[in-house]
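Student: Listed in order, the protein sequences are those of chains A and B. Residue 40 is where the first sequence starts when you use the numbering used here, and the numbers rise one by one after that. Residue 132 is where the second sequence starts when you use the numbering used here, and the numbers rise one by one after that.
Worth flagging that the hints you see were computed from the coordinates, not collected in a lab. Keep in mind it's a predicted model, so treat the numbers as computed, not measured. Glycine included, every Cβ here is placed at the ideal spot set by N, Cα and C. A couple of the hints might just be wrong.
[To be verified] Derived DEER-like restraints, expressed as beta-carbon distance ranges:
id	chain 1	residue 1	chain 2	residue 2	range
1	A	G284	B	N224	49 to 55 Å
2	B	P325	A	V177	51 to 57 Å
3	A	R315	B	P277	53 to 59 Å
4	A	P458	B	A205	53 to 59 Å
5	A	G308	B	P325	27 to 33 Å
6	B	R230	A	R440	57 to 63 Å
7	B	V361	A	G284	20 to 26 Å
[What the hints assert, rightly or not] Distance condition first, Cα-Cα at most 30 Å in a straight line; then the derived DSBU-like pairs of lysine-lysine:
id	chain 1	residue 1	chain 2	residue 2
8	A	K255	A	K317
9	A	K317	A	K207
10	B	K176	A	K207
11	A	K360	A	K459
12	A	K459	A	K441
13	B	K176	B	K336
14	B	K276	A	K207
15	A	K317	A	K450
16	B	K170	A	K207
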Amino acid sequence: MLSGWGRVFGPGREVASEDVEAITRDATLTRGLARSYGDSSLPHPSDGVVASCRLADRILSFDEASGEVKAESGFSLLQLNRTFWGRNFAAPVAPGTQFITLGGMVSADVHGKDHHATGGFGAHVREIRMRLASGDIVTASRTENADLFKATIGGMGLLGHILDVTFKIPRIPSPWVAIETERMPDLESYLAGLKDAAGRFPFTMGWIDTLGAAGKLGRGVLMRGRWADPHEARPGVPQPLQRPGLPFVLPEFAISRMTVAAFNSFYYGIHPSSMRRKVAHPEAFFYPLDAIRNWNLLYGRRGFTQYQCVIPEAAGPEGVKSFVSLLRRTGGSSMVSVIKDCGDEGEGLLSFPMRGTSVAADFPARERVQQIVDTLNGHLIELGGRIYLAKDRFTRAEDYRKMDARIDAWKEVKRRYDPKGRLRSAQSARLELT
Amino acid sequence: MKVVTLGATRGIGRSLARLLAARGDSIHVLGRNQEDIAKCAEDLKVRGAAKVSTGLCDLMAPSIFGPALEAADADLGGFDTVILSAGIFGTQNELAEDRARAAAVLTANFTNTVLFCEEARVRLLARGGGRLAVFSSVAGERARKPVVIYGSTKAGLSAYLEGLDHLYRAQGLITTTVKPGFVRTSMTQGLKEPPFAGDPDDVAKTVLSAILRGAPVVYAPSMWALVMMVIRLLPRAVMRRVTF
């Protein structure tokens, strides 16, 4: 049995090796650190086996002058940060966890707190070497097999097994972050605050309370940040933070509407009402959830799902507000629901982000989960938004089709490079992508 | 440090070499595949190693141990540390069926590992000592059904390494016997995972700190010191019955 981060298990087993070329020869899917929440990294039930690139993690080259890195697909963001922060280089995007591989970062075209400024990871990739369904190994870039390149960025690993990736990392003034934290009393002020900060800060993100009483709905904590200048930075290189873990899967009563509401009030309450500035450890700012190594055990035996969607700018703040109210009514009760503005759509044919507002909420995968996801999807389709495949476990194929007009173009490329539809995942079959 | 490694292209050896690189040590990578050691060297260079060189060496070919260490010595300008993490694994089921493979495991893990250590020992002692860290296994602590042949090679190796430490510590040669428990590497791929399994990067940290303090024996993850203490105490009647 295997699962993604959400611990909703399905059949399958993993084969990992330092030699990713060898294990992908017969595989129909490759996964990395299995941090996608749902079934993106699970093999199709009748395939049963998924290759893992997590042990193929060598840096193949680094050019200090241009900041270009070439590394095997299992090279993780954690290793990237540990290797390069000390030399004043950073990852080109700032996603929410460090436990992801290059292969995964390309396949999900991961985005982060800086999406409004730097786009998704794919925008910083120059070249991908991959093994196609035919077994052939090819190179894809903007000039070579450009159609394959675009379909692979955000393509959930369905076009080929990613072997290595060449991408650029930017120089930073210091590896510490200068941040501002501000409490926002309601959703309107929160959204306005995000918009205002986007023009001034490369990193913006925040947390909202989706359970607050009427009037307080969407109150939240907004964070904005930038790499600290050398004179502001703390001395030395940031050392890895300690990560305690949960000892076991928590019982299901640990996460209920009541405990979540209490947590949310507490979290809002501990933040001072006036704006605070400080210089923070980059791990603490970028990856607060990594602080507890296996926080996915919080949600009990049956696991959980994350619902993440983007609501297009055209829907306006009213759209976001109506969605958040629906989230509250359906019982998608969530600790730390995250709201973040996205910049322009990237080149990836299936990439998630588009100009608008992204909303993410975690809820347990219990009896009503399918109904909650269906309800949310119904409203999301009306608003013209779409879901993030790397988080999804429960969306229905007919709903997914209505969310993304680009699917046909992607499928055309998929047919060109994998006419027999050999490469697939549990998710791609569920969503009828393959 | 100026370190010679055999086995740094994979598994815990890879993680350990990266920690050395991050410290700014100089590393000579020995291995049997030219492309593999070249890629390993580039990886270590980017991760901060002061100087990286490579040389061909195969645990199955003892005649090249001496020349390979000579070449390493020349490249590093005199090494002070030797780390050997290469070896061959096979479950009892596999080795009981395949005599040739059993012979390879016995030869690589015991005979040739000892011969390699002898070559390293002579050179380290000649310069007044140094560090020798060799990967044995908890499998050598007590005979267990799933790893009878493999475990016996590691039992022999552990005995040899303990003897080296007794003999030469006073002369400055510090021998560290590394006894990994279950670690999630490609070597243990497909085996049923017991409790207290570790990840190579975490295990490598434990091992490095033991090498630096000159510990004669290190269990990694450290929890396995306790686990093995209990297993060593189990009576034969129990060991005959259990399947682990």
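Student: Against each hint, give a clear statement of whether it holds in the structure.
Tutor: Hint check:
1. A:G284 <-> B:N224: 49 to 55 Å: violated (34 Å)
2. B:P325 <-> A:V177: 51 to 57 Å: The hint (51 to 57 Å, Cβ to Cβ) is violated, given that P325 of chain B and V177 of chain A are roughly 41 Å apart.
3. A:R315 <-> B:P277: 53 to 59 Å: At roughly 57 Å between Cβ atoms, P277 of chain B and R315 of chain A fall inside 53 to 59 Å, so the hint holds.
4. A:P458 <-> B:A205: 53 to 59 Å: holds (55 Å)
5. A:G308 <-> B:P325: 27 to 33 Å: violated (44 Å)
6. B:R230 <-> A:R440: 57 to 63 Å: Cβ of R230 of chain B to Cβ of R440 of chain A: about 59 Å, so the range 57 to 63 Å holds.
7. B:V361 <-> A:G284: 20 to 26 Å: Holds: the Cβ-Cβ distance is about 23 Å, inside 20 to 26 Å.
8. A:K255 <-> A:K317: holds (27 Å)
9. A:K317 <-> A:K207: Within the cut-off at roughly 29 Å; holds.
10. B:K176 <-> A:K207: With a Cα-Cα distance of about 18 Å, the restraint between K176 of chain B and K207 of chain A holds, given a limit of 30 Å.
11. A:K360 <-> A:K459: Outside the cut-off at roughly 44 Å; violated.
12. A:K459 <-> A:K441: holds (25 Å)
13. B:K176 <-> B:K336: holds (19 Å)
14. B:K276 <-> A:K207: Status violated; Cα separation ~51 Å.
15. A:K317 <-> A:K450: Not OK: K317 of chain A and K450 of chain A at ~47 Å, beyond 30 Å, violated.
16. B:K170 <-> A:K207: Holds: K170 of chain B and K207 of chain A sit about 20 Å apart, inside 30 Å.
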